[in-house]
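**Student:** Sequence:
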Amino acid sequence: MTQTPRIPILFPLAVGAVVILCTIFIHAVSAVMSVNLLRRERRLGHAGRSFWSDFPIVVLAMLATLAAHLIEIALWAEVFVLCGEFPYFGTAYYHSAVNYTTLGYGDLVMTPHWRFLGPLEAANGMLLFGVSTAMVFALIQWLIEARFADLRE
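Residue numbering for the sequence shown follows the working numbering, starting at 49 and increasing by one per position.
Hints in this document: simulated from the structure, not taken from any laboratory. All the given hints hold, so there is nothing to weed out.
What follows is a set of in silico ranges between Cβ atoms, one per label pair, in the way DEER data are often shown: (1) T50 <-> T181: 40 to 46 Å; (2) F103 <-> F137: 34 to 40 Å; (3) R54 <-> G152: 19 to 25 Å; (4) W190 <-> G152: 33 to 39 Å; (5) L61 <-> A115: 25 to 31 Å; (6) V184 <-> T50: 43 to 49 Å; (7) F185 <-> R163: 33 to 39 Å; (8) G138 <-> V80: 27 to 33 Å.
Idealized CB from N, CA, C, for every residue including glycine.
Work out the full structure: start from the sequences and follow the hints.
**Tutor:** Here it is in structure tokens:
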């Protein structure tokens with residue numbers, strides 16, 4: 049008969065909540081950078097002119113978003129190292145990326161004491177990927193509307 053491990057929830061939930069708040073802040077910074085980029089390019093008259101003037105705006109916004117995701121994964125990885133789950137940051141980063149992206153290989157498993165952090169990180173990653181998608185979609189939609197605004201007049 050196999051013994052089912054006891055998995056604590058309350059303390060890992062508290063730790064995870066703090067990390068989630070930090071990742072939301074990091075993502076907000078990325079979104080503000082993208083909005084400021086769009087405003088600057090619009091003020092300079094570059095945004096909404098042509099595909100080639102809009103392309104770098106979209107690329108920079110997407111790179112800022114990707115950078116935010118990579119930093120957020122690193123934050124989770126550092127928490128895993130601090131909790132004593134992984135001795136090396138690289139291993140923790142890999143495990144964190146698997147959780148954050150909801151890939152779920154399962155080749156590295158945390159101890160029962162901190163195991164609840166995995167689903168919390170997955171939920172965090174799903175939500176922030178959704179925010180990223182919405183932000184990039186809104187940016188592209190604005191650029192398209194700006195380009196074709198003169199056709200409606």
